[in-house]
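Fit chain Y to the given chain A structure using the hints.
2 protein chains.
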Amino acid sequence: SVNPDLASERLTASFSVQRLTAVLDGGAERTRVRRAVVAAIESDPVFSRENQYFQSQNERYEAAVRKAVHVRKKMQELGWSEDGPESIYVYRALSGDVAFLLHRVFMRSISVLGSDRQVAKWIPRATEYQLIGSYAQTELGHGTYLQGLETTAVFDTSTQEFILNTPTISAMKWWPGDMGRSATHTVVFAQLYIHGKCYGVHPFIVQIRSLRDHSLCPGVTAGDIGPKMNFEHIDNGYLMLQNVRIPREDMLNKFCEVQPDGTYVRRGSQKINYFTMTSVRISLIADEVILPLMKACTIAIRYSVVRRQSKLKPGEEEAKILDYQTQQEKLLPQLAAAYAFHFINNYLHELFNRGYKEIQGRNFDSLPELHAFSSGFKAMVTQYCTSGVEICLRACGGHGYSLLSGLPSLYTKILASCIYEGENTILLLQTARFLIKCFTAASAGQPVPPSVTYLAAMKPRRCPAKDKLDFLCPDIYTEAYQHAAIRLLSSTAAKLQDLIQSGIEKHDAWNQCTVQLVQAAKAHCHYITVKNFVETVEKLENKAGIRKIMKHLCDLFALHGIFSNAGVFLHDGYISGAQMDMVTASYLDLLGVIRKDAVPLVDAFDFTDESLNSALGSYNGQVYRRLYEWAQKSPTNKQISPAYERYLKPLLHNKLSKL
Amino acid sequence: SVNPDLASERLTASFSVQRLTAVLDGGAERTRVRRAVVAAIESDPVFSRENQYFQSQNERYEAAVRKAVHVRKKMQELGWSEDGPESIYVYRALSGDVAFLLHRVFMRSISVLGSDRQVAKWIPRATEYQLIGSYAQTELGHGTYLQGLETTAVFDTSTQEFILNTPTISAMKWWPGDMGRSATHTVVFAQLYIHGKCYGVHPFIVQIRSLRDHSLCPGVTAGDIGPKMNFEHIDNGYLMLQNVRIPREDMLNKFCEVQPDGTYVRRGSQKINYFTMTSVRISLIADEVILPLMKACTIAIRYSVVRRQSKLKPGEEEAKILDYQTQQEKLLPQLAAAYAFHFINNYLHELFNRGYKEIQGRNFDSLPELHAFSSGFKAMVTQYCTSGVEICLRACGGHGYSLLSGLPSLYTKILASCIYEGENTILLLQTARFLIKCFTAASAGQPVPPSVTYLAAMKPRRCPAKDKLDFLCPDIYTEAYQHAAIRLLSSTAAKLQDLIQSGIEKHDAWNQCTVQLVQAAKAHCHYITVKNFVETVEKLENKAGIRKIMKHLCDLFALHGIFSNAGVFLHDGYISGAQMDMVTASYLDLLGVIRKDAVPLVDAFDFTDESLNSALGSYNGQVYRRLYEWAQKSPTNKQISPAYERYLKPLLHNKLSKL
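Protein chains in written order, with the UniProt record's numbering: chain A, 1 to 659; chain Y, 1 to 659.
Because the hints were derived from the structure by calculation, they are not lab data. Don't take each hint at face value.
[Claimed, not checked] Think about it this way: if two alpha-carbon atoms lie no more than 27 Å apart in a straight line, the pair counts; the simulated DSS-like pairs of lysine-lysine are:
{"no.": "1", "chain 1": "A", "residue 1": "506", "chain 2": "Y", "residue 2": "596"}
{"no.": "2", "chain 1": "Y", "residue 1": "320", "chain 2": "A", "residue 2": "506"}
{"no.": "3", "chain 1": "Y", "residue 1": "320", "chain 2": "A", "residue 2": "311"}
{"no.": "4", "chain 1": "A", "residue 1": "313", "chain 2": "Y", "residue 2": "357"}
{"no.": "5", "chain 1": "Y", "residue 1": "357", "chain 2": "Y", "residue 2": "437"}
Chain A on its own, in the form it takes in the complex (with noise of 0.2 Å):
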C-alpha cells in the first residue's frame, strides 16, 4: 500500500509521467526495452543488492565478480549482441555493481593503438575470456601528468624484448580497477628506451597472472590497494615489475614501432588518443553522474513529502518537510539540474557523434572543441551533481545519514568522478585554455567554432528587465549568462596580457590567472547548458503539459545560477540590485509552483526500487517499515557481541559483587 501523503501528490500531477519518461528516454520504444532489459536483470536472484549495504569489501568483490560472469551468461541465454540496443541498459541495471569493466578499456585501448595484427591476435581472446585484462597507467606519482610516468620499458636489441621495470616506490601501478586481484593481463604505460634514448610514454600488453593457477608471473608484484570511499566492488590494484620481458610484438604498435635493429618508426597521428579521452569522459556522464543525481532527487522528494515535523500553523496537522521553502530550496533546484544536464548529455553526444564521423572522414578540425567541451562539461556536470547529492542526503537529516538511504553510497561514489578520467581543476583549465585562444582569435576577426562565436557577439551593457516576470524569459536570462561568461573571459584574458606585458613570465603569467580561468571556463559550460536547456524545451512536444513544466524547470536551473552566482551577475552592473531582486523573487516563487509536480518530476524518471535501494525513497513511501525491517537484517543484529563477554559483564558485574 502507497503511504497517503506520497499517493496524493500523484493525483494532481500537470503532466502525463508515462509521455515524459519516454521524452527522457528517447522514445516510448527504448522505454520499453529498457524496462525488459531492468526487469530480466532484476528478477534474477544473482543480481539481487538486497544485502549490498552490510557486505565487507572482500564480499563485493565476489559478488562483483559473480555478476560478471553471469551477466554475460545472461545476454547471451537473452540474445542480447555487446552492441544492441539492451546491452546500454545492462550496466544501468546493474546499477554499475559489476567487475572487469576495465577488461573494455583493455580492448578498446587495443582496438585503438594495436595494429590489425595485434587486434586479430588480442581481441577474440578478449572478447571469449580467454584471458582477463586491465588498463595500468597511473602510478603511485603520478596521475594527471602522464608525460612523468616513471616505468620504463628498455628495448633488448639481442634478445628483441622490452624489459620492463618499477625503478622506484612512486613509479608502482597504482589504482587500475580489476588489477588488483582478477587481472591476467593489463596494458602498461611505461616510458620507452632505445639504446640508452627515451621515447616518451607508451602502451606494453604484459601478462601479469598465469592463466593456469591465477599465480603472478615472475618479476611480477601485484595485489589489492586497499579500502576506498566507494567501489568496493572493484580490486582497484597495484603492480610492480622487475625486469619482466616482453615479445617486440607487445608494444601496441598502429601508431608507432620500434624495428629489429631497435629502428624507431612513428606513423600516422596520435591526436586521436584524444579521441578516446574524449569517447571515456562522455560516455560516463549519463550513467555515472546524472542517473546518481536523479537517483538522489528521487529519494529526497519522495521522503520530503512522507516526512512530516513541525507545524507550518498552529494548530493544524505536522507539515510535510518540502512545504517549507527551505527544503524546497535544497532539493528543487537540484531537480532542475538534473533535468538540465540529461538534456546536455543528449547535446554532448550529437557534438561527439558529428566530430566522429568527420574523424572517420580523416577530418580533425573539431577534436580541439570536442576535447574542450568534454573536459569542462565532464567538470562542470560532475562537481555540480555531486554538489547536488550531498545535499539530498542532508536534506533527509539523520535518515539520509543511514546506509540504508541509500544516499550516501550513490554520494560516495560520485564523489570519485570528480577525480578519475581527469581531475576536475585540470579539466578546466583545459577548457580555459581553448576558450582563451578562441577569445583571441575571434576578437581578431578569426573564425572560430560555433560554439564559441557568441564571444565576439555585441552584447547589451545592461540587462533589460523591469520587473520579476521578465525573469521569466529565456532570452533575459540566457543572455545574462552569455554576458558573464564573455566578461570573466575577457577580464581574465586582459589580466594574462597585462601580467605579461608587465614582465612576468609566461608560464607565471598563466599560473596567476588559474583562479579566474577555472571561473571562466565554468560560466562558460553554465551559459551553454542553459542556451541549451533553453532550446530543448522550445523544441519539446507541446502535449500533455510537458512542455509547460520543462519551461518552469529551465526557468528554475537559470534563476537559481543566478541567484546562487549572484556576483558574477552584479560585479558590472549587467544585472542591478533591484534586478537581483527581481531574480530571487521570481526564483523563490517557481519553487512552490514546481514543488506541486515534485513528485510526478521525480517519477518520470522511472526507477525500480531495486536500482534505487533505499529505505526512503521506495515507490510506496513506507519510510519508518523499511528502516526497521532493513535494519533487522544488518550483522550488526545477527550475532551477540562478543564484547558483551568480554568487557561489558566483567564491568558490570565487578561492581555488582561489590554491592
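For chain Y alone, kept in the frame of chain A given last:
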C-alpha cells in the same frame, strides 16, 4: 627520514611553531599536559588505531567498548580525575573512537533534570558502571520537533506506575548511541498522560536490559539500526516498549512531579533545559568540528608539498602542487578558517561561561542570546568545516579518496555534525528569529544584547577602500561584513512585514522568508567571526612573528569570504565592481604570502601521526611508502579470494579448453 621537499618547507617559517602551538593551547603548560595525555594513550596498544580502516562494524564496536573500559582503568591508574585538566584531552587522544559517550549524556540529564533523591540514587551507580546508560529522545518519525514525539507514558494510579508504550512504528526510538547493544538503562522521553490528559514530553528512567545476563527486559524490543556513513563503532539503536511499567519515582522530577493521586505539579523553570542543549552544542565544536578540519588541512597541505605533478615552467623539474594557484585557493582558505573557528570557539566558551555564572546567580537574561549564538555558530561552523574537509579530500586527488589517507573518515564523520544536535537549517532559523526580534527592538531604540547592538549602528553607504592594500585594513573588511549582515537582516525584516501587511498569514509569511532568513543568520555569524578574529589578532603577543602571520590569516579568511560571496557585498553597491577587483587581487596575493608558511601553520596544530592516522599526512611525508605498506595489510590482500575458484577459473579454463 623526512621527505626533503617537506623538510625544506620547515626551514623558512616566518614564526616560531612552538610558540604558536602554545597560543592555540592557551599556554605552554597546557601543551605539556596535552602531550603527556596523548603520549600515554598512544603508547598503549589497546588504543591502537592501526587496522581501523580495515575493520567491520562489529569489530569497530567491540574495539570501542574495549577502549571505553580500558580508558577508565587507565585514568584511575594515572590519577587523572574526570574533572582534571587531563580528562579533556583523553577523548581527543582517542580521536573519539570510544563507546559510552551517551552514558555521560544519561548522567548529565539525570543531574540536570533529576531531583536530589534521583541524583543520589542513580549517579553513583552510573559513575561506578553498575549500569550503562543511554538517552532515548529521537524517534523514527521525530527528530527536530520534540513536541511531536509519540512514545506514551500513562500513569496508573492503582499501581503507582507509569506504563510506557510505543504506539506506532514511527514512535520507535531510533538513533540513540550506546543503546543498540550496550545500554542497560536509558532516559526515555515520552508524552505523559494522567487520567487521559496529555501533559507533554517528560523524561523517564527505564531499564532495558538485565544486569545479570544482558537479555532484553520484558516488553522491550531493541537492536542496532545498522550501517551508517561513519560511527561504525557506536551502536546507535532502536527501542520499542510494550506495556513497560516503571515506578512513579523514575520520572525525572526536579521540575515537575506526578503525585500519588495523579495530580501534576510543575515547579521551577524549565528554561534551563535549553542551557543543556546550548552547552552540548558549544562543547562539540572544538573536538568534533574544528579539529577534523585542522587534521584535514594538515594532511592535505603536507601532501601538497610532497606531491609533485606537471611543470610550472618547461624544462624545470615537476612542481609541488601547492605551488599552483588553484591548489592554494582550495587549501589555504580552509587553513585560515580553521584558525578563525578556533578563535570563535574561545569566544563562545567565554560567552557561555559568563552566562553560566549569571544563571548560577538565578539571572536567566542571557539565555536567549546564548541559545541563538550556540545555534547559529554550531550551524555555521559545522557547515563551513564540513565543506572544508571535503575540499581538502578532493584536493588530494585519487589518493585522498583512499581510506588510508584518513580524509574520507574525517569527512563522513564531520558531515554528521551538520545534522545531529539540531539540524543546521532549523538552527539558523532560530538564530534568525532572535535577530529579527533584536533588530525590531534596536530599530525602536530598545536595549538589545551587546553582541547585536551593531544592528542599530549608523553605517557608511559605500566602502571607502581606494586600492587593494586598503582591503588589508581590518576596519575596511569588518565594516563590509557588518554592512552586509545588517542589509540582509533589514531587507528580510522589511519583506516579512510587507507580506504580513499585504494580508498573508504570519506563519506563511515567515515560511516565505526563510531562505533569506537563513542567509541573514549566516551573515551575522560570519561577521562576528571576522570581528572576533580581528580582535584576537590585536591582542596576540607581538613576538616571534605570531601576530604577523595571524594577521595574514585573518585577512585571508575575511577576503575569501567576500570573494566567495561577492553578490552579498555588491548587491547595494556597498562594494563596487572595481573594489571587488581589488578584493580579488589582495586575496590572490595573500595566497602566495601564506603559501610560504603553510606547512609550519599546520605543524603548529601539533597532531601526532597516530592521531592523523593518514598515509598522506604524516610528519615525515613518506607518502608513497606508507600507502604501499598500509595497503599490503588490507584484508583484500590477506586471503585468496574464493572468487577465483568459483568464478574466474571456470571462466578462463572453460575457454582454454575450447582451443
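Here's how the hints hold up against the structure:
Taking the CA atoms of residue 506 of chain A and residue 596 of chain Y, the gap is about 22 Å. The hint holds against a cut of 27 Å. For the hint pairing residue 320 of chain Y with residue 506 of chain A, the CA-to-CA distance comes to about 19 Å; that is within 27 Å, so the pair holds. For the proposed pair residue 320 of chain Y and residue 311 of chain A, the alpha carbon gap of about 54 Å is over 27 Å, so the pair is violated. Distance check on the hinted pair: residue 313 of chain A and residue 357 of chain Y sit about 37 Å apart at the alpha-carbon level, beyond 27 Å; violated.
Between the alpha carbons of residue 357 of chain Y and residue 437 of chain Y the distance comes to roughly 25 Å, so the proposed pair stays at or under 27 Å and holds.
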